[in-house]
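There are 2 protein chains.
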Amino acid sequence: MPVYKAPTRDTRFVVNELIGLETFQNLPGFANAQRDLTDAVIEEAGRFVSEVVAPLNQIGDREGCTRHPDGSVTTPTGFKAAYRQYVEGGWATLSAPEAFGGQGLPHVIGFVMEEYLASANQAFAMYPGLANGAISSILVKGSPEQQQMYLPKMVTGEWLGTMNLTEPHCGTDLGLLRTRAEPRGDGSYAITGTKIFISAGDHDLSENIIHLVLAKTPGAPESSKGISLFIVPKFLVNPDGSPGARNAVAVGSLENKMGIHGNATCVMNYDGATGFLVGEECKGLAAMFIMMNAARLGVGMQGLAQAEAAYQNAVLYAQERRQGRALTGPAEPDQRADPLFVHADVRRMLMDAKTFTEGMRALSLWGALQVDLSHDAPTEEERQAADDVISLLTPVIKGYGTDMGYKTATDMQQIWGGHGYIAENGMEQFVRDARIAMIYEGANGVQAMDLCGRKLAAHGGRAIQRLFALVDAEVADAGDDLASVAGPLGKANGELKAATMWFMQHAMANPDALGAGAYAFMTLTGVVSLGLMWLKMAKVASAALAAGSDEAPFYQAKLVCARHWATRFAPQAGALRREIEAGADTVMALPVEAFATA
Amino acid sequence: MPVYKAPTRDTRFVVNELIGLETFQNLPGFANAQRDLTDAVIEEAGRFVSEVVAPLNQIGDREGCTRHPDGSVTTPTGFKAAYRQYVEGGWATLSAPEAFGGQGLPHVIGFVMEEYLASANQAFAMYPGLANGAISSILVKGSPEQQQMYLPKMVTGEWLGTMNLTEPHCGTDLGLLRTRAEPRGDGSYAITGTKIFISAGDHDLSENIIHLVLAKTPGAPESSKGISLFIVPKFLVNPDGSPGARNAVAVGSLENKMGIHGNATCVMNYDGATGFLVGEECKGLAAMFIMMNAARLGVGMQGLAQAEAAYQNAVLYAQERRQGRALTGPAEPDQRADPLFVHADVRRMLMDAKTFTEGMRALSLWGALQVDLSHDAPTEEERQAADDVISLLTPVIKGYGTDMGYKTATDMQQIWGGHGYIAENGMEQFVRDARIAMIYEGANGVQAMDLCGRKLAAHGGRAIQRLFALVDAEVADAGDDLASVAGPLGKANGELKAATMWFMQHAMANPDALGAGAYAFMTLTGVVSLGLMWLKMAKVASAALAAGSDEAPFYQAKLVCARHWATRFAPQAGALRREIEAGADTVMALPVEAFATA
Chain A
33 MPVYKAPTRD
43 TRFVVNELIG
53 LETFQNLPGF
63 ANAQRDLTDA
73 VIEEAGRFVS
83 EVVAPLNQIG
93 DREGCTRHPD
103 GSVTTPTGFK
113 AAYRQYVEGG
123 WATLSAPEAF
133 GGQGLPHVIG
143 FVMEEYLASA
153 NQAFAMYPGL
163 ANGAISSILV
173 KGSPEQQQMY
183 LPKMVTGEWL
193 GTMNLTEPHC
203 GTDLGLLRTR
213 AEPRGDGSYA
223 ITGTKIFISA
233 GDHDLSENII
243 HLVLAKTPGA
253 PESSKGISLF
263 IVPKFLVNPD
273 GSPGARNAVA
283 VGSLENKMGI
293 HGNATCVMNY
303 DGATGFLVGE
313 ECKGLAAMFI
323 MMNAARLGVG
333 MQGLAQAEAA
343 YQNAVLYAQE
353 RRQGRALTGP
363 AEPDQRADPL
373 FVHADVRRML
383 MDAKTFTEGM
393 RALSLWGALQ
403 VDLSHDAPTE
413 EERQAADDVI
423 SLLTPVIKGY
433 GTDMGYKTAT
443 DMQQIWGGHG
453 YIAENGMEQF
463 VRDARIAMIY
473 EGANGVQAMD
483 LCGRKLAAHG
493 GRAIQRLFAL
503 VDAEVADAGD
513 DLASVAGPLG
523 KANGELKAAT
533 MWFMQHAMAN
543 PDALGAGAYA
553 FMTLTGVVSL
563 GLMWLKMAKV
573 ASAALAAGSD
583 EAPFYQAKLV
593 CARHWATRFA
603 PQAGALRREI
613 EAGADTVMAL
623 PVEAFATA
Chain B
33 MPVYKAPTRD
43 TRFVVNELIG
53 LETFQNLPGF
63 ANAQRDLTDA
73 VIEEAGRFVS
83 EVVAPLNQIG
93 DREGCTRHPD
103 GSVTTPTGFK
113 AAYRQYVEGG
123 WATLSAPEAF
133 GGQGLPHVIG
143 FVMEEYLASA
153 NQAFAMYPGL
163 ANGAISSILV
173 KGSPEQQQMY
183 LPKMVTGEWL
193 GTMNLTEPHC
203 GTDLGLLRTR
213 AEPRGDGSYA
223 ITGTKIFISA
233 GDHDLSENII
243 HLVLAKTPGA
253 PESSKGISLF
263 IVPKFLVNPD
273 GSPGARNAVA
283 VGSLENKMGI
293 HGNATCVMNY
303 DGATGFLVGE
313 ECKGLAAMFI
323 MMNAARLGVG
333 MQGLAQAEAA
343 YQNAVLYAQE
353 RRQGRALTGP
363 AEPDQRADPL
373 FVHADVRRML
383 MDAKTFTEGM
393 RALSLWGALQ
403 VDLSHDAPTE
413 EERQAADDVI
423 SLLTPVIKGY
433 GTDMGYKTAT
443 DMQQIWGGHG
453 YIAENGMEQF
463 VRDARIAMIY
473 EGANGVQAMD
483 LCGRKLAAHG
493 GRAIQRLFAL
503 VDAEVADAGD
513 DLASVAGPLG
523 KANGELKAAT
533 MWFMQHAMAN
543 PDALGAGAYA
553 FMTLTGVVSL
563 GLMWLKMAKV
573 ASAALAAGSD
583 EAPFYQAKLV
593 CARHWATRFA
603 PQAGALRREI
613 EAGADTVMAL
623 PVEAFATA
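Note that the protein sequences, when read in sequence, are chains A and B.
According to my numbering, the residues represented by the first sequence are 33 to 630, in order.
According to my numbering, the residues represented by the second sequence are 33 to 630, in order.
Hints are not guaranteed to be accurate.
One copy or two, either will do: identical chains are not told apart, so a pair holds if it fits within one copy or between any two.
[What the hints assert, rightly or not] Mimicking DSBU-like on lysine-lysine, the simulated pairs with C-alpha atoms at most 35 Å apart in a straight line are:
1. 439 <-> 523
2. 439 <-> 37
3. 529 <-> 439
4. 257 <-> 529
5. 257 <-> 112
6. 112 <-> 523
7. 37 <-> 529
8. 37 <-> 112
9. 315 <-> 37
10. 112 <-> 529
11. 439 <-> 315
Please keep in mind that the hints were generated in silico from the structure rather than gathered at the bench.
With the hints as constraints, model all of the structure from the sequences given.
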């Protein structure tokens, strides 16, 4: 069975040493984040997840969820008990606001837990993960009464939530949706329609499920400007706050899918179900994006999470499995063969994985810090700066993070050779589970268009200029000892600037030039952002070593990974820029008939 | 259900127009390859595969194979009947020698069939595919009596064959194998041991199965120099050629794996089974490599094959599925939304797939031509030249072809969005099936080491020099109209030369520098080889257009794909060279403890 141990030392490096969470304690939202508390939370979260949640990962994959003849859905063996422990341990409440029973810790800490949960068991992690999105939108757009009615039990995890966007004919293009919301005159609406691919749509983990559903009111515009957001509880809530009558929402079927078998992916039938409008009619898109942005960062984290879990098992196998000899001569001559670990090509994959996972952990948690700062920083200017950066990087963390998560999981499976293809060893599950993260919450091509079509242009390119400046400042501030990292980062940033300039010069005349280069641009931004993190981490490591740290090997490894980024990741920047500058020419040249098989 | 239509027009383009098979008719092995015959074979093969084999692909995935209490194994519904049609149609005999009942067609034509079969149903294709490897080694290393006893029925497909190399503790490193072969004094050996991951190890398709088994004779050296190859028939063959007594070989279990469910992946227990030595004792490695090289080209073809099948279904979906609007304004304003096909990012993936599959088809069939020429070319010099090129390119076709096959299948699944993750749509099966091709017959990292550690250095680098010269000549011969392809190809070839030079200068001093760069070198060679094919194809297309072909759109599409290679594939060459030149520094710097989770 595959193993998982939460990488708490590395998390604490990022939280304490890289982003210095404690240094923000003067800000309102960070008051609870004393280092001794957050360190304890991190270690305890790691222990809980490794001991309670991880052992259910393979069971969940094998058993999947079950829809019973009465329409009810049960989760795999052990999920219910583990979820009860999760709720009782208060793990759902970490970064939720104190006003609704949360612990009021920064999002950074909530994200740490999201990574660990998703590494241990992505299908399990999705149950509370989807609820987080639902909570976010009620927090921002719900009325005080709605917040009071739903949030306290959602924050504790006693109730879970879902996001109902997709319909059979309508995924990215929400203007096409057909689910109707008829006002009943009593303030409620009758919701009717079919939603598909609803993760955690029904299950036996919580006593109620709060569905957030996009639907159209009568006479609403046909475009995405005509959609509204509704709360549709599985059980209507009694005045005393207890679950009451069963609402008219039912699971039509469960999907049979490539992975995340332990999560119930439901077809949901709404048949005049009672729903309550969140915010205003026809303003559902904005509320939906609040939900989505939280979810997208979480999905990016899933890419990292599957990569990390697969990496840990590849590291163990590379030590245990003996095959062949080191190119430099037998490493362990008294054995019949050397461990896989001696082979440079195996080590290449492990170093790529280590450089990606540690870099992505830094980027994700630093991104979570920007979320916190966008709310809690003392000045409007600082809040705006943080918001600019995280708005820009959300599609990058989601898109680049999940692409690389899948690639890394695949590489780690490769280290296992034929044994990696065998189900019982668990490596192939990491790949199948990682695959979905590239698709849901906006396929990665949609993330690329969000980045290039929306985020890049907003406020005259203010956000990308901030990123350029952040990288330039970090490069300028690097000492000679880090020139081998700062140099390639500066160069990669130059490629990103050039690609941005190229878009500015060509996208207006031919929007397809933007579309054809958007994916490469997203990847390029990912490469640069990872490099920014590695230069920051290298500086921390360098300072720790200079100060005579008694954890020298830990910091030396950081310096090696930073150089690995510079030599093995940074070179891609030039190629990506050239792809972008190729424009739409060959991409859009052929008519549809040219793609038909003859 | 996914569809598959054999791309016969494109195959005929490669066979007739690119490699000009008919022009070799003066050579002994090509006498049967008149164009009207081969064209008819290609069309008929395409029809048979699309109508008979493809419809079983999803059934095979769902049902898998079954091991019964008596140890017998049955294949999924329909496989047995389809295989009977395959044998009765003479499809197994295409490129087998006439002396044993084959049709004596060039390997090129056999490879066409391998591609189609693997696209239609990889799990099914593996049954005859493995037999091809077994046939190759008996043809070259078997005694005349063995050839007479086994080959006629193997060539027709009445009997199938397997390759038994791997043991639980022994994959790449064959020196570790433990299966014993004790001489019985009557010319036979008693074979005892356990083999794992034996594809098509048992089944109900053929009346006999000829296992080729690596084992060690008493007193043999412990290294791979001590292994011998044995024929171990499932049923011992009577003097009249009919299957006789059941041999002591049994299936211990079937593996539960990520994909290729329709193929029986067996644990094989040999318990004093009767085996017959092929060639000499302790010379099994050479015989095994004959088997392996044939199999590796076939596996490379599987990468292409899964990419092609996934591509066809993505093209259809991109036309049917409507979502959003073209960036340049509504393409079909009377519809609620445009087809996915209008989106540049979707088209990017389709163009990448088209450029890879058509380029790889050309490379594989051109490679098969080199196999034929290495046997049949009139002069020793020509035979050697062909052998050099295909020896060099075999690991590239296997490694790069399957890496790109998996990537392409993943991209095509991505076009389907959430629907691509749902099992019934079949897109995720292409990805799971494509994944194994990167692993078996030598994991791709092993291919990279074969290329860089063995093929590159052989005969003073003669083979890679031939590739450089082929590319240079093709570039020099290109007219101004093809400068946009020839220029980038010449540049990419320059990067490959520089990388080769770098290896020469550094690998002796530090073999790990070779190991750390081998994978990037394999990819770089793949990029250049694909470019070589695209420049060749562009020339053919350009000439056809100049001659006023009435298939202008077909040839125009070739020119666009050639430029797509130049703008979207070629830029990777520089990045790969820089990765190679980074050497082993960061790759090998860290001790094993640095990879442990803390």
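Evaluation of the provided hints:
Taking the closest pair of Cα atoms, residue 439 and residue 523 come within 35 Å of each other both inside a single copy (25 Å) and across two copies (28 Å). Taking CA atoms no more than 35 Å apart as the test, residue 439 paired with residue 37 passes in both settings, with 21 Å inside one copy and 30 Å between copies. When the C-alpha separation of residue 529 and residue 439 is checked against a cutoff of 35 Å, the pair qualifies both within a copy, at 26 Å, and between copies, at 28 Å. Within a single copy, residue 257 and residue 529 get their C-alpha atoms as close as 34 Å, which meets the 35 Å cut-off; across copies the closest is 57 Å, which misses it.
Taking the shortest alpha-carbon separations for residue 257 and residue 112, neither the intra-copy value of 39 Å nor the inter-copy value of 56 Å comes in at or below 35 Å. For a Cα distance limit of 35 Å, the shortest separation of residue 112 from residue 523 qualifies neither inside one copy, at 51 Å, nor across copies, at 59 Å. Taking the shortest alpha-carbon separations for residue 37 and residue 529, neither the intra-copy value of 39 Å nor the inter-copy value of 44 Å comes in at or below 35 Å. Taking the closest pair of Cα atoms, residue 37 and residue 112 come within 35 Å of each other only inside a single copy of the chain (22 Å); across copies the shortest separation is 47 Å, beyond that limit.
Within a single copy, residue 315 and residue 37 get their C-alpha atoms no closer than 43 Å, and across copies no closer than 46 Å, so neither meets the 35 Å cut-off. Within a single copy, residue 112 and residue 529 get their C-alpha atoms no closer than 50 Å, and across copies no closer than 60 Å, so neither meets the 35 Å cut-off. Neither within a single protomer nor between protomers do residue 439 and residue 315 lie at most 35 Å apart by alpha-carbon distance, with minima of 38 Å and 39 Å respectively.
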